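Student: Sequences listed follow chains S and R, in order.
Under this note's numbering, the first sequence has 149 at position 149, and the numbering climbs by one with no breaks.
Under this note's numbering, the second sequence has 10 at position 10, and the numbering climbs by one with no breaks.
Bear in mind the hints are in silico, worked out from the structure with no lab data behind them.
Bear in mind the structure is a predicted one, so any value in this text is a computation, not a measurement.
Watch out, some of these pointers could steer you wrong.
[As the list claims (entries may be wrong)] Cross-link-like lysine-lysine pairs, in silico, DSS-like; alpha carbons within 27 Å at most:
# : chain 1 : residue 1 : chain 2 : residue 2
1 : R       : Lys239    : S       : Lys275
2 : S       : Lys5      : R       : Lys285
3 : R       : Lys8      : R       : Lys64
4 : R       : Lys199    : S       : Lys275
5 : R       : Lys285    : R       : Lys269
6 : R       : Lys79     : R       : Lys91
7 : S       : Lys275    : R       : Lys91
8 : S       : Lys317    : S       : Lys303
9 : S       : Lys135    : S       : Lys94
Each chain, letter by letter, is given below.
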Amino acid sequence: MTPGKIPLVQVQHLTKYFPINRGLIIQRQVGAIKAVDDVTFDIYRGETLGLVGETGSGKTTIGRTVLRIYEPTSGQVIFDGVNIFDLNEKEMRKIRARMQMIFQDPYASLNPRMTVGSIVAAPLDVHGVGSRKQKNERIDELLDLVGLNPEFVNRYPHEFSGGQRQRIGIARALAVSPDLVVCDEPISSLDVSIQAQVVNLLEELQERLGLTYLFIAHDLSMVRHISDRIAVMYLGKIVELADRDEIYLRPLHPYTQALMSAVPVPDPDIAQNRKRVILEGDLPSPAHPPVGCNFNTRCPFAKEICFQVDPEYVEVKPEHWAACHLVEPSK
Amino acid sequence: MDYLLEIKDLKTRFYTDEGVVHAVNGVSYGLEEGEVLGVVGESGCGKSVHALSVLRLIPDPPGKIDSGEIWFDGRNLLKLSGNEMRHVRGKQIAMVFQDPMTSLNPVFTVGYQIMEALTYHQGMDQSQSRQRAAELLDLVGIPEAKQRVDDYPHQFSGGMRQRAMIAMAISCTPKLLIADEPTTALDVTIQAQIVELVKRLQSELGMAVMWITHDLGVIAELAHRVNVMYAGYIIERGKVRDIFKHTRHPYTQGLLGSLPRLDEAPGTKLVSIPGLPPDLIDLPKGCPFAARCIYVQERCKQEMPPLEAAGEMEHVVACWRWEEIASEGAS
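For reference, chain S alone in the conformation it holds in the complex (with noise of 0.2 Å):
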């Protein structure tokens, strides 16, 4: 598999504020959550690009805001050269048969009413796909191409595993043959050995139908082992985004040095014996973030210019993008 350079998605200064409300009956906005911050990256066709960082980082968002899920406030989502949110809702409809996604609780996105064949039916029945015959058909290779046993189409969620249940959400993704499926932390409520399963699955689908994942997740050593690029967030900003190996031997921003620090490592030999890099402190709120660089009220590092300015978002070497006021660009 070798992702080719040419972007799939295109996500230029992509900002999305929620609104603070308050007041019973009339409504006023009194500030905004910043979700996402002004981020600009390129997902390229059939690459698994990563995007980690921690709760309330903003990547969740990212992930809704790439489909129209959420409205942005502002900047462009350009997919396959067409900006998504200049679409109507027709159009946007016909493009969401290319654009699908897998859901962290295999528990919450699966109506336990439907059963497995229809829940897998239903985006065929959204884009009205092929006659009742082919659907059937349809639904038992993708349970197939799953690993789940087509005779269980009648069957209810309750009836399977996380893991299983996952299979399935996979199954209903895949149903209108997407080209970007992007998988928010679809591995985290699993145990260790179905994460693996899983996560095998993925890489193999990929291989067999080309597809294009932007894969969220907090766990850094499967977002290592799964992508092929990595985006790394901090307080709704893309604070670094590299080659994978480039990000885990060369980490530039702080906050990425940190988070790679941090990471446990299954091996007592080099986890009892190396020199981690512990933060101090939590996340600031998305709804004050300090002013300057995000990160300055943890960084070790900071100097003064970082609580005045908000560093660029740079590419800082090839294909090596990151906003640190101490990193210095290679030119």
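Given the coordinates of chain S, work out where chain R should sit on it, guided by the hints.
Tutor: Chain R in isolation, oriented as in the chain S frame:
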């Protein structure tokens, strides 16, 4: 050898309408003073139930400790009266739970909840216990602890609440701290802070720690010894280095193989364990892992293998074929 905690053939079951859930099926081991024991396993393997049995916190009905002995500091905890047990809980054995959001009472201040144990177990008066609560919060790294004593739990972040829970747990300098997935609900950078904190407190106070988790990475960093549990059995136990470097049981090998490593080569496939854990109501005869094991033989399906010495000192494993598997791995 004198153990601080010695469990002998513990069996805990839940008598439900659907049938008898065999949660813990004959667990025996000893924990030394000042030792850090890691207990690993997936959901439903009995790791939490066995710890709750030690504190006799199993809800009865439907739960029941059917047999076994739990010796702590010279007394069999299962023979103590309710009143005697209350003097063990919190004073000699303390517990930190998984979810810091729900294990603090939202209508009392954090300080009050810490003071409760101090007045009950240590007989301190109001001002003494208040003073001590502030010291404890300071000890676990809460900034401006003196002022924050009067804060309510919702004014604390997730990481701070877990720190407060730890402050509460160590308030009476227990000999044993049981931590049940204390970092699972937290982000990696916060998890690193909590692991660091417990390591520091453990060496300062010299208490023994039982750390229950599914995260082998945390275990590698923290534990001296490890119990690997599966379907209510300990299937492998040994020093942390032996568990990771001379892994004997196919299940432990599978667990380690399911984890991506930060230093792996690109394109590496994860080794996943096929299938699902067995139903604890209807446990198979023989080894519970047999149905998922790649080394399975006829005997495995008939007889449960006993824990037997596996080479290195104190390393035990419950597998009929561990010797063959070990020599195969070496060649």
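Student: Could you run down the list of hints and mark each one as holding or not?
Tutor: Evaluation of the provided hints:
1. R/Lys239 <-> S/Lys275: 22 Å, holds
2. S/Lys5 <-> R/Lys285: 55 Å, violated
3. R/Lys8 <-> R/Lys64: With a Cα-Cα distance of about 16 Å, the restraint between R/Lys8 and R/Lys64 holds, given a limit of 27 Å.
4. R/Lys199 <-> S/Lys275: 14 Å, holds
5. R/Lys285 <-> R/Lys269: 32 Å, violated
6. R/Lys79 <-> R/Lys91: Cα-Cα ~18 Å, so holds.
7. S/Lys275 <-> R/Lys91: 34 Å, violated
8. S/Lys317 <-> S/Lys303: Holds, because 23 Å separates the two Cα atoms, which is no more than 27 Å.
9. S/Lys135 <-> S/Lys94: With Cα atoms ~19 Å apart, S/Lys135 and S/Lys94 stay inside 27 Å; holds.
Of the numbered hints stated above, those contradicted by the structure are hints 2, 5, 7, listed in ascending order.
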